[in-house]
Amino acid sequence: MEQSTLEKPSTTRIFPVTGMTCAACASSVETILSYTDGVVSAAVNFASNTVKVEFEEGIDPQQLHDALADVGYGLIISDKKVQDSVEEAQAEQYQKIKKQTIGAAILSIPVFILGMFFMDWLPGRWISLLLTIPVLFYFGSHFFVNAWKQAKSGKANMDTLVALSTGIAFIFSSFNTIFPQVLRNQGLEPHVYFEAAVVIITFISFGKLLEERAKSSTSASLKKLIGLQPKTLTRLRGETSEEIPIEEVQKTDIILVKPGEKIPVDGKVIEGMSFVDESMISGEPIPVEKKSGDELFAGTINQNGSLQLQATAVGSETILSQIIQRVQEAQGSKAPVQKLVDKIAGIFVPTVMAISVLTFIIWMVFGGENALTQGLLASIAVLVIACPCALGLATPTAVMVGMGKGAENNILIRDAESLELAHQVNAIILDKTGTITQGKPEVQSVKWANHLDAEQLNKLSGALLAMESQSEHPLAKAISKNLQEKGIKAQKVEDFQNLSGRGIQAFFEGKKLLIGNQSYIQENGIEIPEAFTDFSKEAMLDGSSTIHFADGERVLAIFSIADQVKEGSLEAIKTLQKDGIEVHMLTGDQQSAAEKIAKSTGIKDFKAGVLPSEKGEYVEMLKSQGKKVAMVGDGINDSEALARADVSIAMGHGSDVAMDVAKITLITSDLRKIPQAIRLSKLTVRGIRQNLFWAFIYNVIGIPIAAGLLYPINGFMLDPMIAGAAMAFSSVSVVGNSLLLKRKSL
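Take the sequence shown: its position 463, counted from the start at 1, is 463 in UniProt numbering, and no numbers get skipped.
If you are wondering where the hints come from, they were derived from the structure by calculation, not from laboratory data. Since the model is a prediction, treat every value here as computed from it, not as a measurement. Everything hinted at is true.
Distance condition first, Cα-Cα at most 20 Å in a straight line; then the derived PhoX-like pairs of lysine-lysine:
| hint | residue 1 | residue 2 |
| --- | --- | --- |
| 1 | Lys489 | Lys477 |
| 2 | Lys566 | Lys604 |
| 3 | Lys628 | Lys574 |
Using the sequences and the hints given, assemble the complete structure.
Next up, the structure:
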């Protein structure tokens, strides 16, 4: 019987999950589904709010949803694409929390004013009571629901503290508003604390809103990656062509790709010639020549010629799909680090609850004739002074100021975790092209034939500019730019021809002029002198490309073209190495080009010819050695490595995908901003620790006093109103300390 159960066929689906607010929720969803009848396995990706479930055929997905609904979670079962469903759910959740925060804030302002400045005005208490009810039990209901979920599993977190402190303050204040004589008959003033309750809800809701906003943006990178693949393609069947959805394409189908179109699937060229922009795979800016027999990859862009390709990999088998899958896995595997505040709250909440109960018991046993009243006031004072405002503000205020400070210095930080982790980085990986270098090929040097005089040189340069301006070759722009910067004016040329994959030719003043690589020049029977051959060999050893310029008889000039190291890269690398951070360089470029850049910048650890997946593996290799790894890149080919790194940094001029996956973006693309970002992290973390000290020093001193520690000595009892003021002052201290970060220099 057991054997037949194991052999039951199963199916695997990915569902968007609703109701998850923390890593603990993700763990609960995974556990519940794993123990549901018919489920083989379940794996939650908290970053994308999805769960991958393998379940036996015949099981209705609605059963899975019902199993989660019992504890407040749910699955979105829809015919829409998972990514679309996730985005809709995240947008809906963000709008929901936004409305809750705005609603709570609007009602909290009058309650705060009444509680602070018109506390003795009797109608004000009734107005505050009426306004507080919707703030707590409508706009803030999720805090109580989440606290109840935690309580059922025997746990406590920040939601527990919020629900407990606001709930007790509301009940006590409502009692004093409706039955004020009860305390007055005991000779005590019936204070109310509605303002404390509503302000707590509003502050914490605002923090949740910021978290949800950051979380909802995590799927944007995947959306852009998926968008690189066209939705339709042109399939050839004999002499006819048809446009079909990309989902219908099969291996061995013949596909037509027109100029400017994206390559829809992986395949091999069977007819045609063109240049293809493969920067999303290699990171290199120079398009690659493609002819019959060459491989093509989905998501790359065909530039000028038409190509016919035979599909060799479709759907999830393409290189682009594998990049998307790896980014998803990397984001999901980085379970959110449990924040220091949550750890503290897990101990702090039950401790405060225990102290409050113990305070009441001690007063009941030793308190004398007013034991009940004083015990109740003392236990409430303990809960009020332990209110989580300062604790909740400790991290977000420092992080918000840190992010603002970063923005002022052209460092955009989207993720608090990265800001907190950056100061621990001891290994940093730099992409070469566009990160260390400019990312655009430029003329490094040029050698002209010795027999040319100044007038001939000027005329031929003008003819060269005219020809290169009409050329489709990727390196033509570099030569055109170089000539224009020298003030050369284009001359008139005739009979211009672009010989795809070989070179270009035209006639100038009756003479035939040729531009191309060494093979093209030699094909035309032109001998290359030894001086030009030596120049070419030296340039190639240096990682540069060479372009020859000749007339019908001899070589006139040779150009060396390569990518240049950016201003500031050398200084930034030296600063990082001085600070004890290992610097590694990865590139899809050839070994000679990588060696040149590594040597000129002082980088000892580098690797050339690296594929996108290998960059991700390199990150994991360093992490397995116990290093905190930062990845800096600018292209789609860097997206997997960026997602896997502890800290991810994108260059501002790079692809949207790289900037979406990365948590830190350098607007100026200046590598000198990286040491500044690390210093900013150190200052912010120091501020967080100081804030936590201020948040707790009031509790360490205030809770024993609130419990009545001084009463046997001098008869002093801490009024809950004073306890509330102390709580407020702790929040002011936290905010004030965070603002000091603005004055620090990076």
